[in-house]
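Start from the sequences, fold in the hints, and give me the full structure.
Listed in order, the protein sequences are those of chains A and B.
Residues 41 to 488, numbered by my numbering, are exactly what the first sequence covers, in order.
Residues 41 to 488, numbered by my numbering, are exactly what the second sequence covers, in order.
Derived from the structure by calculation, the hints contain no laboratory data.
The reader is advised that the hints may include incorrect statements.
If several chains are the same, the list does not tell them apart, and a pair holds so long as it fits within one copy or across any two.
To be verified - Mimicking DSBU-like on lysine-lysine, the simulated pairs with C-alpha atoms at most 30 Å apart in a straight line are:
#1 Lys190 / Lys483
#2 Lys127 / Lys484
#3 Lys483 / Lys78
#4 Lys279 / Lys484
#5 Lys483 / Lys385
#6 Lys483 / Lys279
#7 Lys380 / Lys279
#8 Lys430 / Lys483
#9 Lys430 / Lys484
#10 Lys385 / Lys78
#11 Lys127 / Lys279
#12 Lys190 / Lys385
#13 Lys279 / Lys385
#14 Lys430 / Lys279
#15 Lys127 / Lys190
#16 Lys127 / Lys385
#17 Lys483 / Lys380
#18 Lys190 / Lys380
#19 Lys430 / Lys385
There are 2 protein chains.
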Amino acid sequence: MNPLTSPLLTDLYQLTMLQAYFAHGMLDTAAFELFVRKLPGTRNFLMAAGLEQALEFLEQLHFEEAELAWLEQSGLFRGDFLDRLRKLRFTGDVHAMPEGTLFFPNEPIVRVVASMPEAQLVESRLLNLVHFQTAVASKAARSVLVAPGKLLVDFGLRRAHGAEAGLLAARASYIAGFSGTATVLAAPLFGIPIFGTMAHSFVQAHDDEVAAFERFASACPANTVFLIDTYDTETAARKVVALAPRLQEAGIATRGVRLDSGDLGALSRSVRRILDEGGLQRATIFASGNLDEYRLRDLLASGSPIDGFGVGTSLVTSADAPFLDAVYKLQEYAGVPRRKRSAGKATWPGRKQVHRHFRDDGTLDHDVVTLESEERPGSRLLAPVMLGGKRVASVPGIHSLRADAALCLAALPSSLRGLEQPAVPYRVEISPELRELAAQVDKKTGKP
Amino acid sequence: MNPLTSPLLTDLYQLTMLQAYFAHGMLDTAAFELFVRKLPGTRNFLMAAGLEQALEFLEQLHFEEAELAWLEQSGLFRGDFLDRLRKLRFTGDVHAMPEGTLFFPNEPIVRVVASMPEAQLVESRLLNLVHFQTAVASKAARSVLVAPGKLLVDFGLRRAHGAEAGLLAARASYIAGFSGTATVLAAPLFGIPIFGTMAHSFVQAHDDEVAAFERFASACPANTVFLIDTYDTETAARKVVALAPRLQEAGIATRGVRLDSGDLGALSRSVRRILDEGGLQRATIFASGNLDEYRLRDLLASGSPIDGFGVGTSLVTSADAPFLDAVYKLQEYAGVPRRKRSAGKATWPGRKQVHRHFRDDGTLDHDVVTLESEERPGSRLLAPVMLGGKRVASVPGIHSLRADAALCLAALPSSLRGLEQPAVPYRVEISPELRELAAQVDKKTGKP
Numbered sequence: 041m042n043p044l045t046s047p048l049l050t051d052l053y054q055l056t057m058l059q060a061y062f063a064h065g066m067l068d069t070a071a072f073e074l075f076v077r078k079l080p081g082t083r084n085f086l087m088a089a090g091l092e093q094a095l096e097f098l099e100q101l102h103f104e105e106a107e108l109a110w111l112e113q114s115g116l117f118r119g120d121f122l123d124r125l126r127k128l129r130f131t132g133d134v135h136a137m138p139e140g141t142l143f144f145p146n147e148p149i150v151r152v153v154a155s156m157p158e159a160q161l162v163e164s165r166l167l168n169l170v171h172f173q174t175a176v177a178s179k180a181a182r183s184v185l186v187a188p189g190k191l192l193v194d195f196g197l198r199r200a201h202g203a204e205a206g207l208l209a210a211r212a213s214y215i216a217g218f219s220g221t222a223t224v225l226a227a228p229l230f231g232i233p234i235f236g237t238m239a240h241s242f243v244q245a246h247d248d249e250v251a252a253f254e255r256f257a258s259a260c261p262a263n264t265v266f267l268i269d270t271y272d273t274e275t276a277a278r279k280v281v282a283l284a285p286r287l288q289e290a291g292i293a294t295r296g297v298r299l300d301s302g303d304l305g306a307l308s309r310s311v312r313r314i315l316d317e318g319g320l321q322r323a324t325i326f327a328s329g330n331l332d333e334y335r336l337r338d339l340l341a342s343g344s345p346i347d348g349f350g351v352g353t354s355l356v357t358s359a360d361a362p363f364l365d366a367v368y369k370l371q372e373y374a375g376v377p378r379r380k381r382s383a384g385k386a387t388w389p390g391r392k393q394v395h396r397h398f399r400d401d402g403t404l405d406h407d408v409v410t411l412e413s414e415e416r417p418g419s420r421l422l423a424p425v426m427l428g429g430k431r432v433a434s435v436p437g438i439h440s441l442r443a444d445a446a447l448c449l450a451a452l453p454s455s456l457r458g459l460e461q462p463a464v465p466y467r468v469e470i471s472p473e474l475r476e477l478a479a480q481v482d483k484k485t486g487k488p
Numbered sequence: 041m042n043p044l045t046s047p048l049l050t051d052l053y054q055l056t057m058l059q060a061y062f063a064h065g066m067l068d069t070a071a072f073e074l075f076v077r078k079l080p081g082t083r084n085f086l087m088a089a090g091l092e093q094a095l096e097f098l099e100q101l102h103f104e105e106a107e108l109a110w111l112e113q114s115g116l117f118r119g120d121f122l123d124r125l126r127k128l129r130f131t132g133d134v135h136a137m138p139e140g141t142l143f144f145p146n147e148p149i150v151r152v153v154a155s156m157p158e159a160q161l162v163e164s165r166l167l168n169l170v171h172f173q174t175a176v177a178s179k180a181a182r183s184v185l186v187a188p189g190k191l192l193v194d195f196g197l198r199r200a201h202g203a204e205a206g207l208l209a210a211r212a213s214y215i216a217g218f219s220g221t222a223t224v225l226a227a228p229l230f231g232i233p234i235f236g237t238m239a240h241s242f243v244q245a246h247d248d249e250v251a252a253f254e255r256f257a258s259a260c261p262a263n264t265v266f267l268i269d270t271y272d273t274e275t276a277a278r279k280v281v282a283l284a285p286r287l288q289e290a291g292i293a294t295r296g297v298r299l300d301s302g303d304l305g306a307l308s309r310s311v312r313r314i315l316d317e318g319g320l321q322r323a324t325i326f327a328s329g330n331l332d333e334y335r336l337r338d339l340l341a342s343g344s345p346i347d348g349f350g351v352g353t354s355l356v357t358s359a360d361a362p363f364l365d366a367v368y369k370l371q372e373y374a375g376v377p378r379r380k381r382s383a384g385k386a387t388w389p390g391r392k393q394v395h396r397h398f399r400d401d402g403t404l405d406h407d408v409v410t411l412e413s414e415e416r417p418g419s420r421l422l423a424p425v426m427l428g429g430k431r432v433a434s435v436p437g438i439h440s441l442r443a444d445a446a447l448c449l450a451a452l453p454s455s456l457r458g459l460e461q462p463a464v465p466y467r468v469e470i471s472p473e474l475r476e477l478a479a480q481v482d483k484k485t486g487k488p
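Right, here's the structure in full:
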């Protein structure tokens, strides 16, 4: 059983539901939509991500014999149901916003239209994939906005929530505009640029810091960014200056230094001075250590001469909003619009579309959530990506996704670009037709 | 390349370090220790977890030809280095606290002693595995402490950070004392009990709520926990009461109901009354929906008659402490103790042991962090689990780990059992011998 692709990567109730659907012949077409109910207080917008992995999951969906055998011996399911599972594939349609698209509460970002069992079974893993990458892309975009032109590198693997989280965080943050990641496997898997410097343990393993720098430079001459905070940052910066001419003679350029602790603002200034006075004006300063977009903003606002940042834990765990209120809800079954009215969790019924309106300067003005069938002005954000279980277009490369995401970010109005909540949130209207449909559905299922 | 076991699941700088270690023949024995520098404000203790997966990773560590080929064509590494990687296996020793052990800041929970390249390469994935499961076990233990005797089920897969996070969160929370998980794949992979009820979409797919309940009961007669909040909770509870005799005639018992929204305290009381008055005194009430240990505590303190809880997002993301300050640091190389002195990140040098002292009533009194070599009273918490790359003992089963974890939790002093910070934190002493060693190391590497 493959822990990343198994159809058992689902909640038990999905399988019990499926048994009931099959038992009662409820195989009509269902439309589910994936959306976020509300923004965390620490996000002014969200960036869609994770569609590629969601589509891969749908394309390969099938039960292996070992999985069916396990289900059988669990005693929880009937033999005839397991025969249905053996034949089950995803044969439905998917509409979605492209990865990198900015979106807001109550706007569907993925719509799945399929036979009820197919559409129901995939809920848990679809949400799992899209929710996480969306959370990370949305977090990463904030660093990209506050540190334009800086080298931003994902350093988060070690504190990501497992290996898949580390890999997908590298992917989502790259799409959102990061320069790359330290996670090696993200390069062969996703084609993301990788970056790295040196570790404290390497310095510590030497009795002498200069010896450590020198050995590192001779073993990795193209990668001479020296980590200078193991003992005393300024002292080590002077050692780098003293070492540089010797390296130069050996044909090795001193590319830069990395700070990883202490007062990064003050240290970056004193280290810059030491490097400049020592003739290393072209050596860059890279900073890391408990960084997030707030620290980046404050460091840059105070004029810290830092050229690049390693952002780790806070990015890959989306630490100030470690989850979004993302859900996947039934909006239509057997041609009839459906609506959940649970307290605080009501949904808009039917298959929907999002129409985006721009200002003359190209920035976002407002969105209207409509029925899919409505003819209306504004760019339609959801497009078909899978029909009858097959993709409708070739997969966009990750660099192209990143370029498109940059265009999306460029269209953000200034009110949403900061780290604090805007005075007026972005306007998302619900079309009169959609409101009318909700009222009709309520009338039919009783009580308003 | 397997995204869960590949040695490329590492930071680029680990590989560049390795190239330098090999180039300069720095293959002496290194001792690294994994520990947490400080507690989040929302944790009074931590529970170690994830060792099993860490040892599996070490046991199978090797580079596949496809990985070596990718490294070669990346142009970042030398041919002779890649030959060394081809032969690399983990052949070192590991000492660790058993999973389920409670621990505190600066206490090593895993020690890796191996040739420098082996010990360095594994840092990223080892931390990734142990950090996450420890974070979740520590979070889960808080729910276990405030809701003794209640059914606690992990509902978090959909908002976990990827599939591995969902699976490992199910495992870590089960070890910490949860009753099981909704994630099906956790059952065949780890032997964890699985639980599930029904979904809103199933109710919504029917025009009539009672018809939905009836069909669900007939398809899954052993699993009749009805979800009653899709439209109106109390109305639906009355429908369940009215339906129960009919199900009874068909030989189907009504096991219970699930609440998933609204004021769970008030609703649980009114629903309990409706069920009791309707003759369903034995039907249980299960609650879910944005729950965490604070809500559990408050609901139970107010006397809510809830028998079980589904805890999802907050658990699997450890939402109020989505990361721990967990690190893996070089403490000794080539027989010489090492220490990092970076501002705010200094470490205690040498191979260490944790001695735990208990009170007469069996509860924890205090710990002493010592050098491994010190003979001292108190239980030694770190024991050998791998020698020369091979496990020293058979793998304890998950139910046995869970039973041991329960004993650990039972030994928690009352001051640490609540959700708020204790007036006095748990006492962790540093032995005089260890302090003396740190002073010696400082003297040798210059400046105090």
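Going through the hints against the structure:
1. In this homomeric assembly, Lys190 and Lys483 never come within 30 Å of each other (Cα to Cα): the closest approach is 55 Å inside a single copy and 39 Å across copies.
2. When the C-alpha separation of Lys127 and Lys484 is checked against a cutoff of 30 Å, the pair qualifies neither within a copy, at 36 Å, nor between copies, at 69 Å.
3. With identical chains, the CA atoms of Lys483 and Lys78 are at most 30 Å apart within one copy only, with a shortest distance of 26 Å there and 56 Å across copies.
4. When the C-alpha separation of Lys279 and Lys484 is checked against a cutoff of 30 Å, the pair qualifies only between copies, where the shortest distance is 18 Å, while the shortest distance within a copy is 78 Å.
5. Taking the shortest Cα distances, Lys483 and Lys385 sit within 30 Å of each other inside one copy (18 Å), while across copies they are farther apart (62 Å).
6. For a Cα distance limit of 30 Å, the shortest separation of Lys483 from Lys279 across copies, 19 Å, qualifies, whereas the shortest one inside one copy, 77 Å, does not.
7. Only between protomers do Lys380 and Lys279 lie at most 30 Å apart by alpha-carbon distance; the minimum there is 18 Å, versus 66 Å within a single protomer.
8. Within a single copy, Lys430 and Lys483 get their C-alpha atoms no closer than 38 Å, and across copies no closer than 67 Å, so neither meets the 30 Å cut-off.
9. With identical chains, the CA atoms of Lys430 and Lys484 are never at most 30 Å apart, being 36 Å at best within one copy and 66 Å at best between copies.
10. Taking the shortest alpha-carbon separations for Lys385 and Lys78, only the intra-copy value of 10 Å comes in at or below 30 Å, while the best inter-copy value is 38 Å.
11. Within a single copy, Lys127 and Lys279 get their C-alpha atoms no closer than 67 Å, and across copies no closer than 36 Å, so neither meets the 30 Å cut-off.
12. Proximity of Lys190 and Lys385 under a CA criterion of 30 Å is satisfied inter-copy only: 26 Å between copies versus 41 Å inside one chain copy.
13. Within a single copy, Lys279 and Lys385 get their C-alpha atoms only as close as 60 Å, which misses the 30 Å cut-off; across copies the closest is 22 Å, which meets it.
14. Neither within a single protomer nor between protomers do Lys430 and Lys279 lie at most 30 Å apart by alpha-carbon distance, with minima of 60 Å and 43 Å respectively.
15. When the C-alpha separation of Lys127 and Lys190 is checked against a cutoff of 30 Å, the pair qualifies neither within a copy, at 51 Å, nor between copies, at 39 Å.
16. For the identical chains of this complex, Lys127 and Lys385 are neighbours neither inside a copy (35 Å) nor across copies (56 Å), given an alpha-carbon limit of 30 Å.
17. With identical chains, the CA atoms of Lys483 and Lys380 are at most 30 Å apart within one copy only, with a shortest distance of 13 Å there and 68 Å across copies.
18. Taking CA atoms no more than 30 Å apart as the test, Lys190 paired with Lys380 passes between copies only; the shortest distance there is 29 Å, against 45 Å inside one copy.
19. For a Cα distance limit of 30 Å, the shortest separation of Lys430 from Lys385 qualifies neither inside one copy, at 33 Å, nor across copies, at 52 Å.
In summary, the numbered hints that this structure violates are 1, 2, 8, 9, 11, 14, 15, 16, 19.
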